[in-house]
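Assemble the whole structure, with the sequences as input and the hints as a guide.
Here the protein sequences line up with chains A and B, keeping their order.
The first sequence finishes on residue 444 if you use my numbering, and the numbering steps up by one all the way, no holes.
The second sequence finishes on residue 277 if you use my numbering, and the numbering steps up by one all the way, no holes.
If you are wondering where the hints come from, they were derived from the structure by calculation, not from laboratory data.
Take the hints with a grain of salt, since some may be wrong.
Said to hold, decoys possible - Pairs of lysine-lysine residues, derived as BS3-like cross-links and limited to a Cα-Cα distance of at most 30 Å, are as follows:
(1) A/Lys-12 / A/Lys-293
(2) A/Lys-2 / A/Lys-217
(3) B/Lys-209 / A/Lys-52
(4) A/Lys-49 / B/Lys-226
(5) A/Lys-325 / A/Lys-15
(6) B/Lys-255 / A/Lys-325
(7) A/Lys-91 / B/Lys-92
(8) A/Lys-5 / A/Lys-155
(9) B/Lys-209 / A/Lys-325
(10) B/Lys-153 / A/Lys-435
(11) B/Lys-185 / A/Lys-435
(12) A/Lys-325 / B/Lys-226
(13) B/Lys-185 / A/Lys-362
(14) B/Lys-209 / A/Lys-49
(15) A/Lys-54 / B/Lys-209
(16) B/Lys-172 / B/Lys-226
(17) B/Lys-209 / A/Lys-435
(18) B/Lys-185 / A/Lys-91
(19) A/Lys-91 / B/Lys-226
(20) B/Lys-185 / A/Lys-443
(21) A/Lys-91 / B/Lys-255
(22) A/Lys-444 / B/Lys-185
(23) A/Lys-435 / B/Lys-207
(24) A/Lys-220 / A/Lys-209
(25) A/Lys-110 / A/Lys-49
(26) A/Lys-49 / B/Lys-207
Keep in mind it's a predicted model, so treat the numbers as computed, not measured.
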Amino acid sequence: MKTFKMGGIHLKEYKFSAGIQIQTASIPQQAIIPLGHYLGGPSLPVVQKGDKVKVGQMIGQASGFVSANVHASVSGVVNRIDVHLDASGYKVPSVFIDVHGDEWLETIDKSAEIKRECTLSSAEIIKRITDYGIVGLGGATFPTHVKLLPPPGKKANVLIVNGVECEPYLTCDHQLMIEKGEEILVGVTILMKAIDVKQAIVGIENNKKDAIALMQKLAKTFVGIEILPLQVQYPQGGEKQLIDATIGRQVPTGTLPIEVEAVVQNVATVFAVYEAVQKNKPLFERIVTITGKSLKNHGNFLARLGTPLANIVEQAGGVPEDTGKIVAGGPMMGRALSSLEVTVAKGTSGVLFIPTLEAARKNMQNCIRCTKCVVTCPMGLEPFLLMSQSERSMWTEMENERVMDCIECGCCSFACPSNRPLLDHIRYGKSTVGKIIRTRQAKK
Amino acid sequence: MNTIIFSILTLLVISGISSVILFFISRKFQVFEDQNIQEIESVLPAANCGGCGYPSCHGFALACVNAENLENLVCTVGGLPTMKKVAHILGKDSNIIHPTVAVIHCGGNCDLRPRINQYDGVGSCAIAHNLYGGETGCTWGCLGLGDCEVSCKFDALHINPETRLPEIDEEKCTSCNACVIACPKLIIELRNKGLKSRRIFVNCVNKDKGEEIQSSCNVACIGCGKCVEECAFDAILMANNLAYIDSNKCTLCRKCVAVCPTHAILEINFPTKRVKE
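The structure is reproduced here in structure tokens:
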């Protein structure tokens, strides 16, 4: 069975919420929708205090090419535009909406009927995706239209769909494939049309046998889509790792997948594309996995953007007694939260409750040069060296050691037997080197 | 015996010829440096701290020799006595220096700014700042992890373990700027030391609106503007919900300190006021 060849680790799966049917999270009394919660520039508000909004109405406009529109997920009255805490630990500009009822824009098709025919042209599809604020829902939240509009001279010849969900605990993508498999495949054909490719491969890890079987059965009714089971390994969901696993191509350092003529999209993103194109529905809700060893009711909740996480957690049985850490996202790349007043954003794939005993870090010891970090790094870097360089502020050397290739997967920190906080130092180095590179490019 | 004498003689001849060659080469490739540079370097503190803005004391000496006048050249560690010596060597006028000292713009200690979460990561402010907003509700305030303490080469800055805030030792601070650069939240500033070492400044860098901060910190600046109104010398600026006192205009009258509702303005080295009965 195929998988990516460089680095990687095998993690315990902890998929407690697998197979649990998607429930709808209750709509909050006040939705707080962040305006800048994705990669790229923050969007600018186009509503103000006192404005009446309906579900699906645009409330934030993209501020550039690498930016996305934001739409109201609830209907009601705009209370204010103000800063609010988000998963980054900082306060970001957000739109506060007092909720009245649940009135959607008349143009949205609320029916559950699956529409297979797509009458839009390729350019119209991409415009719809751009207008409706679709971003990568795997967690990276990169604006989707940017991936679909390659620079001149570059064209894709394959679409790869990420149904891998390699992070432990998370099951939102898995459940989406089980319940909305056909819609996802229609979305795949729509994207194939948008970027003009004849071949699509949906990669699904082998721990989701029911999803693989269902998708393979459905794919027979479509042209050009192959469902490929993959061996379970973390971080197979990383773009570059998935490209290697499915089609064996290596993305050169410092470049993007389009360089090897591939475009990668997450299954949830593909589903959002289906809804945008076939149901005229902008992105304003997503599935969030609520789980943890001590949680009472694990679940996969369909939640509106801007719902305070505290609300959904109540529905899942409340915060467990022994909770030491609350993580937004997966246990490897997610962010620990400092408060549950953080609201659901486009990239919130899950909320995990980690017991105190497991949450606390162990004491750091000296590097014993065992090279476990080097062996497990999926990008072929030397994490122990990058950490030493970061501690000594050796930014030029770090850039030469390709620190910007780091995908922040956390394999190095996980594998280190001396409990060295490798990723913390590398991330700091990456952020500093990134600033240096941007300043250098701006001067040109 | 012969071999021994022969080998000694051969080595002596080789070393003799080499030293002559080296002598002539060193004379030919000698770097001529202005004599003054070495003289100036000898009166400088040799800390190589970069506080003057030049790389190392040698760099500063070079700049002094090449400059028209010493107006913008200040060795903050050596201060006025050192600059007087430099001026004397070069035969130029010495400059007027306003002594400065580092100042911490955060008063949020453990009692006044409660912790709402526990940080379990690497003990460095730069890394914590890169990760999230900190252990308290105020995402602008001091993280207390000591990057500033580590950067100080003059033993002038220490984190108080009870308040978790840095404290400056005025006597030892040389205004070298290392802590200002080390702080990722830009909380430290070099301000005029002031007459009799007295100074007044707003002890906060929080730019959130008043209602937001009050639940996070009792001594934050809420941007109410009372100090701006009160100041008769137009010394206080208000921007982004934060007040800032211009030390060039401040006359140390202390009226703003009295009028601040959250006690966010701090006065240093003043005699305590007598409480009226």
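Structure-based check of each hint:
no.: 1; hint: A/Lys-12 / A/Lys-293; verdict: holds, 13 Å
no.: 2; hint: A/Lys-2 / A/Lys-217; verdict: holds, 20 Å
no.: 3; hint: B/Lys-209 / A/Lys-52; verdict: holds, 25 Å
no.: 4; hint: A/Lys-49 / B/Lys-226; verdict: holds, 28 Å
no.: 5; hint: A/Lys-325 / A/Lys-15; verdict: holds, 18 Å
no.: 6; hint: B/Lys-255 / A/Lys-325; verdict: violated, 46 Å
no.: 7; hint: A/Lys-91 / B/Lys-92; verdict: violated, 53 Å
no.: 8; hint: A/Lys-5 / A/Lys-155; verdict: holds, 26 Å
no.: 9; hint: B/Lys-209 / A/Lys-325; verdict: holds, 29 Å
no.: 10; hint: B/Lys-153 / A/Lys-435; verdict: holds, 27 Å
no.: 11; hint: B/Lys-185 / A/Lys-435; verdict: holds, 16 Å
no.: 12; hint: A/Lys-325 / B/Lys-226; verdict: violated, 41 Å
no.: 13; hint: B/Lys-185 / A/Lys-362; verdict: holds, 28 Å
no.: 14; hint: B/Lys-209 / A/Lys-49; verdict: holds, 17 Å
no.: 15; hint: A/Lys-54 / B/Lys-209; verdict: holds, 29 Å
no.: 16; hint: B/Lys-172 / B/Lys-226; verdict: violated, 35 Å
no.: 17; hint: B/Lys-209 / A/Lys-435; verdict: holds, 29 Å
no.: 18; hint: B/Lys-185 / A/Lys-91; verdict: holds, 15 Å
no.: 19; hint: A/Lys-91 / B/Lys-226; verdict: holds, 26 Å
no.: 20; hint: B/Lys-185 / A/Lys-443; verdict: holds, 25 Å
no.: 21; hint: A/Lys-91 / B/Lys-255; verdict: violated, 33 Å
no.: 22; hint: A/Lys-444 / B/Lys-185; verdict: holds, 29 Å
no.: 23; hint: A/Lys-435 / B/Lys-207; verdict: holds, 23 Å
no.: 24; hint: A/Lys-220 / A/Lys-209; verdict: holds, 17 Å
no.: 25; hint: A/Lys-110 / A/Lys-49; verdict: holds, 28 Å
no.: 26; hint: A/Lys-49 / B/Lys-207; verdict: holds, 22 Å
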